[in-house]
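Protein chains: 4
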Amino acid sequence: MIIIMEERASQEAISLVLEAIEAEGLKPFVNPGVERKVIAVLGVVDVEKVSVADKFAALTGVERVALVSEPYKLASRAHHPAGTIVNVRGVPLGGPELCVIAGPCSVESREQTLEIAHAVKAAGAHMFRGGAFKPRTSPYSFQGLGRKGLEILAEAREVTGLPIVTEVMDADDCDQANEFADVLQIGARNMQNFRLLKKVGGMKLPVLLKRGFGCKVEDLLMATEYIMAEGNMQVILCERGIITFEDSTRYTTDINAIPVIKHHSHLPIVLDPSHAAGDWRYVADIALAGIAAGADGLEIEVHNQPSKAKSDGAQALTPDKFVDFMTRARRVAAAVERSIRVPVVTG
Amino acid sequence: MIIIMEERASQEAISLVLEAIEAEGLKPFVNPGVERKVIAVLGVVDVEKVSVADKFAALTGVERVALVSEPYKLASRAHHPAGTIVNVRGVPLGGPELCVIAGPCSVESREQTLEIAHAVKAAGAHMFRGGAFKPRTSPYSFQGLGRKGLEILAEAREVTGLPIVTEVMDADDCDQANEFADVLQIGARNMQNFRLLKKVGGMKLPVLLKRGFGCKVEDLLMATEYIMAEGNMQVILCERGIITFEDSTRYTTDINAIPVIKHHSHLPIVLDPSHAAGDWRYVADIALAGIAAGADGLEIEVHNQPSKAKSDGAQALTPDKFVDFMTRARRVAAAVERSIRVPVVTG
Amino acid sequence: MIIIMEERASQEAISLVLEAIEAEGLKPFVNPGVERKVIAVLGVVDVEKVSVADKFAALTGVERVALVSEPYKLASRAHHPAGTIVNVRGVPLGGPELCVIAGPCSVESREQTLEIAHAVKAAGAHMFRGGAFKPRTSPYSFQGLGRKGLEILAEAREVTGLPIVTEVMDADDCDQANEFADVLQIGARNMQNFRLLKKVGGMKLPVLLKRGFGCKVEDLLMATEYIMAEGNMQVILCERGIITFEDSTRYTTDINAIPVIKHHSHLPIVLDPSHAAGDWRYVADIALAGIAAGADGLEIEVHNQPSKAKSDGAQALTPDKFVDFMTRARRVAAAVERSIRVPVVTG
Amino acid sequence: MIIIMEERASQEAISLVLEAIEAEGLKPFVNPGVERKVIAVLGVVDVEKVSVADKFAALTGVERVALVSEPYKLASRAHHPAGTIVNVRGVPLGGPELCVIAGPCSVESREQTLEIAHAVKAAGAHMFRGGAFKPRTSPYSFQGLGRKGLEILAEAREVTGLPIVTEVMDADDCDQANEFADVLQIGARNMQNFRLLKKVGGMKLPVLLKRGFGCKVEDLLMATEYIMAEGNMQVILCERGIITFEDSTRYTTDINAIPVIKHHSHLPIVLDPSHAAGDWRYVADIALAGIAAGADGLEIEVHNQPSKAKSDGAQALTPDKFVDFMTRARRVAAAVERSIRVPVVTG
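From first to last, the protein sequence lines are chains A, B, C and D. In terms of this note's numbering, the first sequence opens at residue 0 and continues consecutively. In terms of this note's numbering, the second sequence opens at residue 0 and continues consecutively. In terms of this note's numbering, the third sequence opens at residue 0 and continues consecutively. In terms of this note's numbering, the fourth sequence opens at residue 0 and continues consecutively.
Hints are not guaranteed to be accurate.
Heads up, the list lumps identical chains together, so a pair's fine if it works in one copy or across two of them.
[Unchecked claim] Under the rule of at most 35 Å between Cα atoms (straight-line distance), these lysine-lysine pairs were calculated in the DSBU-like manner:
# : residue 1 : residue 2
1 : Lys197    : Lys320
2 : Lys320    : Lys147
3 : Lys307    : Lys147
4 : Lys147    : Lys72
5 : Lys26     : Lys147
6 : Lys48     : Lys203
Since the hints were derived computationally from the structure, they do not count as laboratory data.
So that you can see chain A by itself, here it is in the shape it has in the complex (with noise of 0.2 Å):
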């Protein structure tokens, strides 16, 4: 940690500054010859002491407080250089073979399910994703269909084969899903609800973690932070788009997130191109990006009848897209010396 002083701080403040390190049980260091005051502070100051930071900035003369370690310690790299791959129901995610998951938003019924599961299946589809809870922007949208949902999610598991990915939002959602399902999905939204957060930590199930549209690749690394230190360390993140003031898409992909969150993390990252485009006329481009830019897997919005969708119909693909988007997805995973493997279909 680092103290930047005030051009004109006074000897004063600055030795009050110093007394507030040694206060922590830390040890202070005043750079020489610098231009201004610049003060290190010495000793273990590890996570767990990070908030003293918002002291210091407290103090008259500070001119702010730079962190010079990174805030989390499970999720980074510095601390485990080699990448997790989080195994859901014997489907790797993270390491060299790609992983999709493709499903609709919401499980509408159980004809409109099981015709969709059958058909990512029948694409190539690694996992099925479709959501029985719905957090949606208005109260008179559908909610989803509640355990009846997750009952199908279970049904398409059985005929399919494929793991089940599906969005919790609360504490209860999560002991439902937990009989039903093989991935819990946080959305977006609940990024930085701590509590959903504590809970899934606290379960056994791997965790997909969304990064929220209006936060930090650090916040999403610092919410997993909160998963990983209940003890739950099969956490899967997922990039899927940022606010920003471009208003042709929905959201925009933070493509460099990918290789950023490489950078700074062991966990696996996957791409969600359908929320962050919002229009399915450009999900295949996006999506075949993230696998050029190094994603881990994708998770991508599948739907019968798009224009029947009962949410997020704007996004879909449709089955026959979808089959084109994974021949091109298998090639450009090749050409980035990864792969994505064609199961055998047996349903």
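Please arrange chains B, C and D on chain A, whose structure you already have, making use of the hints.
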């Protein structure tokens, strides 16, 4: 609702859009002669139906779908022209008198809390804020005193008479806070925690809903709709800064949002300059700007010893600075024909 | 300057960094004992040398390079603690009296211009604005009257006595405007047109520099440095809104920027609420917020017939609304211990 | 064009809007029965007339005005369905073969420039970039060699055969570059320097127009219109990152913009991953993403000694890393059915 077709949309594509509109029980109207085909959707396209926009957008040849009406109803001034005044134990929020909510970020101890409560009361604050349940970005940071914190807040109310505003993070917090607090605050990170919104919507206490830092004004009003649709009409909105590229302050205060919200909604709006700036040096000036722009109140962090605060010390005013601020605030309020009542100090 | 190494940086990488620092004639100092290797760069790392940061950042094993001092000098309050007052033909900008600059977006005709000039003078404006050279996003939109427009502005000055503020887009405009105007305005889109900055830096007239809508406060102060380094110290800064995800207004007024600029720079800062909002309905409230936040002046668009304006009609106040605004503005200015001089109306 | 009235707009206000439309020689059409009054503007509302939108928006009772058509014409795919191929001295940009433009940020010396030119040629680049006129954020930073730099670039072309891309900042630069270069580049900070756009619009050389970091895709296409309206149809667009709240990279690559621009425009689009990332560690992955997303080319900074570069060293690839990148790029190009021609190395 207006559907704008791609310039090269085929006649067949247009026909399918017309059919889709009729299939939803609505009536299409093709505008004559405009540059591209523009189809108006007539009939009762109220807030319960806005999600059909997404279905129409999924159709081939559709460039985009534009809403004509606001996608919210209960929060809209169109349906409730007079401004709402929320009454909190006799303290009005939303009328000609401005309401100042002040106190520490976190309840840290009985002594700290009571000292600050007395100080802000003496300076003229109308409500007391303090967090017992703290949403922190790091799991290693102070997480609040929980129920013990609520008990301290209740004591602060008893000795000062100031109503208590405190944050809740899940349903259980709500039930506990219900015993002790006067206003339930929902933090920026939970603005779209729809389960929590529904929970407080079913309660009797007024709700102070903070805008998510990545959320548009429209998203805030949609989130409000979740609370109001459950029957709780006592909602206070709060602007607390949005995330932008500017990094000289922690967030960017969206001062425009104050008159914009006044234009679109009848609900009272307060400004939190402390989180918006993240730096005590700028808090007072931003707060005065909020009053001048038409805010109905302020929520300001005050701490007796910012450099020892367990959270957010860098943005807290000391009691002395708060007294000075209140003097300035009264003058600005008077200048915009509002007032800040000077409480009779009895404590 | 501080160089923060990657956690896994090798000893060899560190040695190369030390050598690179010395090769620039600077002195490295390795901080003891902190979590990662942190190397302070001692010696005269002044603004002429900040670009070495980029060289150091290119070295293997360097995580990032942080500046300790501000990368600008002439605009910095550190080197010029007292606030600068720019004097425009006897009208002070930067002192206790606020300065209101008002007028139409474009000079459209002699009649329109003179009518508005008389109206804003009568309402109490201190300078008159109007564009002869118009930077329009569409090449098909009205591009200004050019020299003819300047002549009309000069006539407006003659009949009202108000100094003239007008925008310049290239060196030739500057030479023409020099004959007729009192303040040269550089628009947001040209804030980093460095050739233009150098040109006005070599001139005698004061410059009003608008912040680019995608530029940080620091970028604005760096752009200012281009002007001042050429010898022109009469620079007025202008906040006019930044581009963010919020779309209920055209830009987001960065109200925080006002106290932030006051903290970092000695130059006067005015607020342009018209471009910041893009909607006349919000202009007055935002302008009042600017006064309360500490702005030294305002630049406001006024048009006698907004619905016939050749540019930006949607954000213009009518003369009646401007009169009403000025009354409110005087009250708010007084509340923050500033004043708005009531000019002796002689016209 | 569609005019949406406020919910409470009076009948009189509506009448005034209808009159205003007719006064512009256009024909209003009031949509039947929709929630609010929605007025379509019929007749020839082409790009020359879009500024009437602003007039209508100024009228009382108007909530907002929405364009139905794109506000640009010459750049629009609607009017030119086939993709444009720009031919630069025999090197095609926009067809099935991708074009790689590589070279240093600045021309620093003859030796440095020729060494890099030979290196990028050998690695398979198709054009050579280098700046003689440098737009630097600090006036104290290296500003380029000017005409001397252009002469060096011309020599680089002579010895390698690679066409030259170089940036121009004003009209005089254009005239000088015209003697030596093959493509005139307009930098992000000058994207809305309309005088410069008109100047290059009147020239014969192809123009590479970089997107402003605070500008929407639509703004980019409007800026293009300035060039094309002057008669120069040889425009290459360039995505180089936008400014967002994410600060782990210098800008955020808007990868979505690539398919979005392909949808709306017939012009070729290249990606500059170097400025988009600001960090060499991420450049290759982002560049590959650009190819996968459908970019027609890349512009990449390569420097023989990044830690001694006079500008932007932190984002430059070394020649070795560039060779490695080109190998990967060829594979990804092939995977998306494009190709990168291997030039016959004769130098």
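Exercise for review: Give the relationship of lysine 197 and lysine 320 under a CA distance limit of 35 Å: within one copy only, between copies only, both, or neither.
Suggested key: For lysine 197 and lysine 320, neither the intra-copy (38 Å) nor the inter-copy (38 Å) Cα distance is at most 35 Å.
Exercise for review: Check lysine 48 against lysine 203 for me: Cα-Cα at most 35 Å, and say if that holds within a copy, between copies, both or neither.
Suggested key: Close inside one copy (29 Å), not across copies (39 Å); limit 35 Å.
Practice item. Classify it for me, lysine 307 with lysine 147: is the Cα-Cα distance of at most 35 Å met within a copy, between copies, both or neither? Key: within (20 Å within a copy, 51 Å between copies)
Review point. Between lysine 147 and lysine 72, at a C-alpha cutoff of 35 Å, which is it: within one copy, between copies, both, or neither?
Key: between (39 Å within a copy, 30 Å between copies)
**Study point:** Intra/inter-copy verdict for lysine 320 and lysine 147 if alpha-carbon distance must be at most 35 Å
**Key:** within (29 Å within a copy, 54 Å between copies)
Check your understanding: For the identical chains here, do lysine 26 and lysine 147 meet the 35 Å Cα criterion within one copy, between copies, both, or neither?
Key -> Classified as between; 34 Å across copies, 58 Å inside a copy.
The structure fails to meet hint 1 from the earlier list, while all remaining hints are met.
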